[in-house]
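**Student:** Below, each chain spelled out in residue letters.
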Amino acid sequence: MVTALRPKPGPVRSYRFPEFIDQKLPSGIRVVTAPVRKLPVVTVLVIIDAGSTNDPTDKEGVAALTAGLLLEGTARLNGAALTEKFERLGTSLESGADWDSAFVKITALSDKLEAATILLGEALSEPAFPEREVERLKAERLAEILQLETEPRGLADEKFSEFLYSPESRYSKPDEGSTESVSGLSRADVQEFYRARYRTGSTTVIVTGDISADDARALVGRAFQGWASGSASSAKLITASRSSRKTVHIVHKQDAPQSELRVGHVGVPRKHPKFFSTLVMNAVLGGLFGSRINLNLREVHGYTYGASSYYDWRRGAGPFVVSTAVQSEVTAPALREIFFEIERIRSESISGEELSLAKDYLDGVFPIRYETTAAIASALASLVIYELPADYYDTYRRNIRDVSSDGVLDAAKAHLHPHELQTIVVGDARVIRDSLAQLDIGDLQIHES
Amino acid sequence: MRIPVETLRLDNGLFVTLSEDHTAPIVAVNLWYHVGSANEKTGRTGFAHLFEHMLFQGSAHVGSNEHFELIQRAGGTLNGSTWLERTNYFETVPSNELALALWLEADRMGELLPAMTQEKLDTQRDVVKNERRWAVDNQPYGTMLEKLQELVFPPTHPFQHSLIGSMEDLSAASLDDVAQFFATYYTPDNAVLSVAGDFDSAIARSLISGYFGPIPRGKGKPPLPPMTLSPVFGTRLREVVHDNVSLTRLFLAFRSPVFGSDDYYAASVAAALLGMRKGSRLHRALVRDRQVAADAGAFTFDLAKGSDLLVIDVTARPEISVAQLEEEVEREVDLIHREGVSTEEVERAVALIETDLIASLQSAGERADRLSMFATYFGQPELINEQVDRYRSVSTQRVNELVVARFGENNRASLIYVPREGVETESMLAAAAGAS
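Protein sequences, first through last, are from chains A and B. In this text, residue positions in the first sequence follow the working numbering: the first is 1, and each later residue adds one. In this text, residue positions in the second sequence follow the working numbering: the first is 450, and each later residue adds one.
Quick caveat, the hints were computed from the structure, so don't treat them as lab data. If you're wondering where the values come from, they're calculated on a predicted model, not measured in any experiment. Don't take each hint at face value.
[To be verified] Simulated crosslink set (DSS-like; lysine-lysine; CA at most 27 Å straight-line): (1) 85/A <-> 727/B; (2) 727/B <-> 105/A; (3) 112/A <-> 727/B; (4) 727/B <-> 138/A; (5) 138/A <-> 105/A.
Pulled out of the complex, with its shape left as it was, chain A reads as follows (with noise of 0.2 Å):
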């Protein structure tokens, strides 16, 4: 039969993340160019400094709605006759905003880039966004907003920022709007927005793929050339918690054989100190299949189908969160386990094979990361919205190497705090209330979806 001997592995084979350039345009414009020749595969990926945290106060909305718009039409080609043109081409196009930035990213084959780059500074740099297609897109992100209501997966997480976070905080609201921000939005809003943001020092365009560096930069340089120049600033931004106190909050879902739990609290900015600390220490607690949650959970007692815990990475502070499912029945006996993983990863240094667990699985999964040339071009977009070493990701496993057990420990008394945990559930009120009012876990609120 099969041999018990199990296999060592053999010599480790050197690997470097792709050799990449980044240059300025004399218009202003930044270029990150990185060739890969692997498949006649190139991806486009421009980012602008105009994500959502930049919505003005009660325009909640218009970055996303800005970004959804890039691609719905210029002064010469309407919204359906661009979109025909980029697929002619066979380019896959997507365009939108998240937290930090507004993104719009091609991929096509080699022999179709120039034609499909040239329209793509075409879109981007002279938007008409015309009246009927502001008014759709603010009515097809009103359909999305009404789809959460009966989508208990969206629900907890929007919920979850909404308890988390002040009502002053960009965070505590939904990064695409709100029925009623997103109702109020405007054309014109829209074109103060791009007038405000768009311009070329906020702007970067990542090209990853089969071209050459020199071939990039000039292709970018003839597609790009009418953006004004100059650069936005970026107000301050708020991250303050709602509350200090730990509270439990159930959004009541009549029937719901599941409750949708996020358990967690305002967590740390993505350029840390402690990045690396806290990203093994995280990978230990619920960030991997083998981590303490889910095997607890899911394994220990078959209460879910997976439970996890991560730090959103944002350029302010994100959340951490414990995020999972589990059968209504067990709700509360799950929450007391979750809270019991928190507290123990804060007061005991964990052992050596779970060490070297979330560290041999984060420093050796690095090449595989890396596979397609979208995912390198967001890996070079994460180098410059959260303006990392030029290094970073030469030294990434080195510095993953490098955190030990009371590095974690450390970072997890610095950066879990068990006092202040904000649970959501959302669930069937009936059926939990009781059990979760036993628990010691925060004074309870009901609210209805």
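Following the hints, put chain B in place on chain A, whose structure we already have.
**Tutor:** Below, chain B alone, put in the same frame as chain A:
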């Protein structure tokens, strides 16, 4: 652009495909077992998938959950998935850990049963029941797959029953079922092993024959009941589901040519032309121009036996009624059925498909999975290199013939989700909140 493909077959029947690429020190190992929910017996719906969970619970020389731990410790990623016609298991690891991934797969193919216990089965049963609650019961439109299967396949057809399974059938699954299923289907002659990425062919061949060679051939599997279906439903099928959803959504399904056949490529192009991306017919007509839909798409199931399904998926805007939604979608289908498609539309669809195909082959895991797929269904892994040409050779006329043959009124099945009214009222909420 060609992906290199080598093949070999071990004496025990295991079919092996190898594809080298040394651009990064990564290797993907992928196993397809030619068994899926279609092979389940009566009263055991969901078993193929529950069994997939059991394969991560250890084997003769591997502890419970150790498979996950060893691969992650090696810096690898892994998972498994179950479909109507197959179950696959896959890991991508740093290339110096190829032997580990192969050994782990061999150990569970060779000697799973010593590690199986009632306790593990009970826990995984609970996990799977929670997977069902999470992905199906507590998710808007989550019952789509099983309701569609039930609607479009005849009662005794192997594709007719639920893949995730009923709670009742999951409860009934026993350790005996595990042993029997393993002996019948998890045999080398019912599997394809693919390795893609950074490896040396001679070393890989020797590792594979060393680890998998000693595993005995199976005793054969029972034949599936007759799978063949007529090319059209022959009648109009329709089911309305009142459910906890916010927006009305229509899944309009057509019987279509099985995956891999010449006509399949015409059907796949038709689906892309109708529903792939924002320039597609349905998106343009229903979302952009008439603004009756919040979203529109189309896809094929890619079933290799019996009959494939081409499905149109349109979500209505909030103010649009069921009748309006159906009328708008059917109007588009009638139009294409009556007037056919243009060459420009075919070209757009093929261009998009080609970019996606090539971009996806950048990943070693994807290459290995497709090699396994073409080897399992057709015994021809080298089909991976023919896909672009197959799509490029689809003519407008071919698409039009497909559309005439399959989009008629006698081949439409509608599954419609409609928001249930007023389920959660103020008084119920008050009752839930109680006196606190």
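**Student:** Determine for every hint whether it applies to the structure shown.
**Tutor:** Here is how each hint holds up against the structure:
{"no.": "1", "hint": "85/A <-> 727/B", "in the structure": "11 Å, holds"}
{"no.": "2", "hint": "727/B <-> 105/A", "in the structure": "15 Å, holds"}
{"no.": "3", "hint": "112/A <-> 727/B", "in the structure": "19 Å, holds"}
{"no.": "4", "hint": "727/B <-> 138/A", "in the structure": "17 Å, holds"}
{"no.": "5", "hint": "138/A <-> 105/A", "in the structure": "22 Å, holds"}
When held up to the earlier numbered hints, the structure conflicts with none and fits them all.
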